[in-house]
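Protein sequences appear in the order of chains A and B.
When we follow our numbering, the leftmost residue of the first sequence carries the number 1, and every step to the right adds one.
When we follow our numbering, the leftmost residue of the second sequence carries the number 1, and every step to the right adds one.
Each hint should be verified, as a subset may be incorrect.
Identical copies carry no separate label here, and so any pair may be met within one copy or between two of them.
Below 30 Å or equal to it, Euclidean Cα-Cα: the simulated BS3-like pairs (lysine-lysine) are [to be verified]:
(1) LYS443 - LYS130
(2) LYS454 - LYS533
(3) LYS60 - LYS671
(4) LYS443 - LYS456
(5) LYS302 - LYS278
(6) LYS83 - LYS325
(7) LYS86 - LYS455
Note that these hints are calculated values from the structure, not bench results.
No experiment lies behind these values; they were computed from the predicted model shown.
There are 2 protein chains.
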Amino acid sequence: METSYSLTNIDETEKFCNDNGIEFSCVRHPPVPTVETMIEEVKFPDKEVVLAKNLFLKDKKKKTLYLLVAKHDTVVDFKALAKFLKTGSSNIRGGDSDKLEEILKVKGGSINLFCILNDNEKKVQLLVDKSLYGQEWLGIHPMQNDATFAISGADMEKVITLSNHEPQVINFSELVVLSDTPKYKQQKKEKKPKKEKKAKDEDLHELGITISREDDFSLWYSQVITKSEMIEYYDVSGCYILRPWSYGIWERVQRFLDGLFKQSGVENSYFPIFVTEKALTKEEDHLEGFAPEVAWVTKSGKTDMKEPIAIRPTSETIMYPAFAKWVQSHRDLPILLNQWTNIVRWEFKHPTPFIRTREFLWQEGHTAHATKDEATKFVYEILECYAKTYEEMYSVPVIRGIKSRGETFAGADFTSTVELFVPSNGRGIQGATSHYLGQNFSKMFDLWFENEDKKKDFAHQTSWGFTTRSIGAMIMIHGDNKGLVLPPKVAQVQVVIVPITNKDNHDEILESADKVFATLKGSGIRVKIDDRKNYKPGWKFNHWEVKGVPIRLEIGKKDIENSEVRVVRRFDGKKFQLSTEGISQSLLDELDKIQAGMYDKAVKERDDRMKNAATWDDFMSELNQRNLILTPWCDQESCEDNVKERSKEESKQAENAGEEVLTGSAKTLCKPISQPELAEGTKCFACDSNATSTALWGRSY
Amino acid sequence: METSYSLTNIDETEKFCNDNGIEFSCVRHPPVPTVETMIEEVKFPDKEVVLAKNLFLKDKKKKTLYLLVAKHDTVVDFKALAKFLKTGSSNIRGGDSDKLEEILKVKGGSINLFCILNDNEKKVQLLVDKSLYGQEWLGIHPMQNDATFAISGADMEKVITLSNHEPQVINFSELVVLSDTPKYKQQKKEKKPKKEKKAKDEDLHELGITISREDDFSLWYSQVITKSEMIEYYDVSGCYILRPWSYGIWERVQRFLDGLFKQSGVENSYFPIFVTEKALTKEEDHLEGFAPEVAWVTKSGKTDMKEPIAIRPTSETIMYPAFAKWVQSHRDLPILLNQWTNIVRWEFKHPTPFIRTREFLWQEGHTAHATKDEATKFVYEILECYAKTYEEMYSVPVIRGIKSRGETFAGADFTSTVELFVPSNGRGIQGATSHYLGQNFSKMFDLWFENEDKKKDFAHQTSWGFTTRSIGAMIMIHGDNKGLVLPPKVAQVQVVIVPITNKDNHDEILESADKVFATLKGSGIRVKIDDRKNYKPGWKFNHWEVKGVPIRLEIGKKDIENSEVRVVRRFDGKKFQLSTEGISQSLLDELDKIQAGMYDKAVKERDDRMKNAATWDDFMSELNQRNLILTPWCDQESCEDNVKERSKEESKQAENAGEEVLTGSAKTLCKPISQPELAEGTKCFACDSNATSTALWGRSY
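Chain A on its own, in the form it takes in the complex (with noise of 0.2 Å):
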């Protein structure tokens, strides 16, 4: 006879776990109904524990219900997992609540694997993540969602076993590429080829973006990435493929930012991606800020090594040990080096492509100089050349701006950053830094030189970066509910062209787009003939719409007949007729304005949403409505402590009372380079403090 269980709190799922020889570690924190509240919430101090997405599902027409649990960051396409489980396309929905609490014994916001166990007469099917197989560590709450429990994988499975049910076990990944290309990915798993197929009106549909950046912003942005070809997944976690697509784009950001970089004296250099424990300890705040991120090399081939060697979280302990040796005399400076690298951050915040990932591209320069002056002077002069970055290559505008204390670079005098927003979420990005790093480095690894004086002096210092990051900032701050939207400059392709063809008139149509084709090419615009015989000119708009290509060109009977070509602008949907006279000119201005307008419409999208509040309640009600905000500030760490830890309180509030808002803490972004004049006597919005400056609040990235 089968077990049956009852578990409805915390302490009946520890007997649970405890009778079944079940391992556990529990935290407990506050109420985290929410995939969002939970990964910012759900934290074990030691461990690395992967957390989950529990949705309680029906079919609509064979009212079967569903238990779903999934990788928390998985993208569950309902269309896709209808497909999956051989029922209508749209007949996937969220199951009852009441079902749920009759059945599973759960309440909506506390949705857990547990729950199954009180699935005594098999009423619900389960449908488990492969992916969270074989997981060192997974999160469950003990059907509470104020608590988590961490367990290891094979007791997940020891769970489900003891439940009596048989899960069906969905590759999700698999799932998300389904939906783009069903038919032949059906055919692979059958591993028996059929015939391929033109693809119909309803594949169209599934090409493209099926969830809006309104409903759910995560979802959105994953679509949009995989689908445009930007992203491939991968299976070491935090790790992505950056495709063509993405790749071109770092290709072209790093060719401008590197000619910027020469033209203020800055060389190119590699230094080795490994550091010795003995180098990465040298310098203590340095160390505290990246030790728990560091992974670490310990054995080659089947031989541990004597002493582990450390990847590099970023380079300035590698660095200025050899700047040591190269400095006598204040003649050897400046050194100005720079490096474009691969780097590995191991955090266990749950990852975003682009945005956090444990490996990341960027450029890390490095420089020492005889005075503060010089040195603070070029920290500036390096900031200008990333504002210059994303104004003019990726049409996204900044703030300028020096973080507060709490946000100052590990190991740093003071950071200047730009800052950007978000504005479909309200959230700021912080979009590249640039650090004065004063003599703490250079006293430590007695980087000092003669002066002018014959005196000896440390040498002042600077370091920087720009990633990967500013891809994704740019997908977010300028994508809309069809995909992608590319600003020219940075597009791999700049106009697609789309012959309009019926079978009569095929060839001849073809030849007058390739005409174009070869035109615009040879004035040195990336252009792209989709003449693929297959596909619908339906299937081909929404095709390079996804993909964000600037400016499609519409060649068909009509358009030959007026010699003129249709052009539709990707960014505001602008359409109109263009002559095939001086067409190359007449587009290369097209792709300037489309730069310049796509930089106007997010210059107004933010400054609508930036806000002034003098008073703490000004403050939360601009927040919650995902404004970011300028306020007069006293500029003490502690008082931004306390906002953060305010602010999160509040708005956990406000959405516990039923409120819409964004949830999480507010911090500064920055104090604005270009500060306002604050009245004598201004206090500090947030406590007794007179204010000595004006800083800019959000959430943030």
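Given the coordinates of chain A, work out where chain B should sit on it, guided by the hints.
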């Protein structure tokens, strides 16, 4: 009372170790009287052992005797050492062999650290390389050079303590730098800056290369790469810093090669540096080739990872699972991807900057095609890109060929290659390879597609790589006894202007020089003016010669009067006057001539040393004269193995007989693509079989 020792052979050394609790492992090998032979012969199967170079020295004046023990690849600069020991700069000499045998009880080819135990009367001072301390395993001969004991760094210290000698510990990397800039560095050591002084004539000599290629090729190479500021040594073994002088070359080569790839339709991308054990171990041959060299990450922060993650030694196993996702139909092919990345191969052979390093930079291209024909065509298309890069950028001629079975890339059907020749040491060097992988990986990684006949077929693949090794090859091939010689197309600085001034005409001459500088810069020449006041022209000539700048322009009083400049070409030393009228075009032409002249010179030097041999005796005779040899060959793997073995053995016998020959085994560099006709019935030069092709043989890096 102090113990006195007398160790003369392996048995007595073993007893000493056992008596004193010193743990050791022992390997036996042929006698290795030189560092070169030691590196080649002494291998521990299970550990990474640092080998030592041991020198018995004396101070000519003071009669002091020294035993110097340093890491095998240490550059021991006697002048710098003399300075360190506070004796006259040319007073350090090799010690006399009778003293060596009398006091240390060992013969010349067997000197080792244990010897010092025999010096019971403390007649010899002990000098120890700082970098030997803290090593996991050190290899030391047990008083005879046909065996090596591996003992720990801690036990090395124990041996020294037991010997009752107070060692002087030397940081040799500092010593090398010291010889460049003695005054400043000494100040640095004493931490008391003294007055800076102008470089004197004696510094002049130390600035330059002090060893000839013919006398000690590897010491010459070390001096060239450090004194030219291409390389800075680093404290992780096998990793080196690429300074702007070398990285700039890489940038230019990258841009050139990347342009060629793009013309062939290749797109750039970026795949993660990490690979799971599961993916890495999928293709067995491939794994077998790389497994012993893989670096494993097992910890992040203080947390052990559940599964170790490998750092890419190459990316076949990282990329092809993604390829498999992307390909369904023949219409999705070809995939032509490339990435520019770092690579880690934890080799235990002794490292050489650029040539064999544990981390290096490269591009790796990976493609998938529908047919074998298309794939193999692409293999050669890429090989031509590599040949072009060597020929046109590096002015280095190549021999295109196919690798023998034994030298083929692990997992490939065949490997095509471009092979280079270093005239001054008679070694071949592999330039770059392009592989046809067949369907070996596509079958393992499920990379199949539906072909035009609607049948399932596996993709045909290629992979190909070009590395920073190419810079090392260029240095070895073009460098001369004055230092680096750079081809204009890759040189960071193409023309250096040295104004020849005295205090009367300083400003006037500088003004003219600046004008020439501005003119050249304006026409795109990479030009530098060396107007430093604290160095004399002679010093500057030397400085820029060591750095290999293709053209030096001298501008003095007389030149200005005649509206001329003096031109000195680095590669052949040719000197002549040029009119300042049309100077840019004259110099651009001159740079082209130098680029071509360097290529022609290298072709001639190689062709003079490429010999034919039809018999074994002829083959060995040419090999021992450091030539490359073309032979009729049977193309059998077992035959090549025999040749390797036999050539090694015979050259060692020749060396033992007192002949000056290069030792080590010969192998095939390639079977050249352009094959001479073989007369029917021609026999293999090395065995009884019939020859099937002509192979190129040599000793190789």
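- Item | In rising order, the numbers of the hints this structure does not comply with | Violated: hint 3 alone.
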